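Q: Use the sequences and the hints to build the structure in full.
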Amino acid sequence: MSGRYLKPDERQIWRKVIKNVTPLHPSHKALEAEPFPETVRQDVARSGPPPPKPDARPVAANVKPPPADRSAERRLRRGRVDIDARIDLHGMTQAAARLALGHFLHAARSRGFRSVLVITGKGKAGARNREPGDAPPGVIRRRFPEWLEEPELRHLVSGYASAHRRHGGDGAFYVMIRGI
Numbered sequence: 001m002s003g004r005y006l007k008p009d010e011r012q013i014w015r016k017v018i019k020n021v022t023p024l025h026p027s028h029k030a031l032e033a034e035p036f037p038e039t040v041r042q043d044v045a046r047s048g049p050p051p052p053k054p055d056a057r058p059v060a061a062n063v064k065p066p067p068a069d070r071s072a073e074r075r076l077r078r079g080r081v082d083i084d085a086r087i088d089l090h091g092m093t094q095a096a097a098r099l100a101l102g103h104f105l106h107a108a109r110s111r112g113f114r115s116v117l118v119i120t121g122k123g124k125a126g127a128r129n130r131e132p133g134d135a136p137p138g139v140i141r142r143r144f145p146e147w148l149e150e151p152e153l154r155h156l157v158s159g160y161a162s163a164h165r166r167h168g169g170d171g172a173f174y175v176m177i178r179g180i
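Here the sequence shown stands for residues 1 to 180, where the numbers follow our numbering.
Calculated directly from the structure, the hints in this document are not laboratory data. Every value quoted in this text rests on a predicted model; they were computed, and no experiment measured them. We put the CB at the ideal spot given by N, CA and C, even for glycine. Just to be clear, a hint being listed does not mean it is correct.
Label pairs and their calculated CB-CB ranges [what the hints assert, rightly or not]:
1. R80 - P8: 35 to 43 Å
2. L6 - L99: 16 to 24 Å
3. D9 - D82: 29 to 37 Å
4. L6 - D82: 39 to 47 Å
5. A161 - R15: 33 to 41 Å
6. I83 - K122: 13 to 21 Å
A: So, in structure tokens, the structure goes:
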């Protein structure tokens with residue numbers, strides 16, 4: 001994926017293209033991401049210190065995945081999971097990724113999905129171009145467990161695990177959604 005959103009005219013062309021496509025599994029409809037609102041850039045005179053950098057702390061050691069049943073855990077380890085939907089967060093800012101994850105998990109639960117794939121990326125790509133004081137690479141991957149522990153998302157998730165190599169390995173997670 002290129003990491004960019006479609007322009008309105010591109011989206012219109014895409015919709016025309018997919019009108020004639022017949023889904024392989026009609027019961028598993030893909031989630032359509034809601035477009036993010038256009039941000040308005042404000043030119044502000046910089047009179048004070050620069051804004052603080054994003055949190056660069058490592059993931060807390062006490063954040064562990066919620067327990068899942070043993071058969072589901074075994075299927076996860078072997079990569080034999082029926083993935084109902086997927087979202088790719090890498091390339092997004094922390095704030096955009098957190099917002100997109102929340103919308104995605106709520107939509108997945110409302111559609112009755114049970115397991116989804118969240119692609120966070122490994123975060124190694126920009127390691128060479130870092131400046132002193134920058135957050136280390138892989139911020140979204142490190143923050144992902146913390147986000148799932150937040151009250152807004154905790155009630156949606158019954159468990160999560162690092163994905164099998166065929167689904168992205170260390171750069172992705174399986175997330176098990178609680179039933180409604």
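Q: Are the hints correct? Go through all of them and say.
A: Verification of the supplied hints:
no.: 1; hint: R80 - P8: 35 to 43 Å; result: holds (40 Å)
no.: 2; hint: L6 - L99: 16 to 24 Å; result: holds (18 Å)
no.: 3; hint: D9 - D82: 29 to 37 Å; result: holds (35 Å)
no.: 4; hint: L6 - D82: 39 to 47 Å; result: violated (28 Å)
no.: 5; hint: A161 - R15: 33 to 41 Å; result: holds (35 Å)
no.: 6; hint: I83 - K122: 13 to 21 Å; result: holds (19 Å)
Violated hint: 4 only; the structure is consistent with all others.
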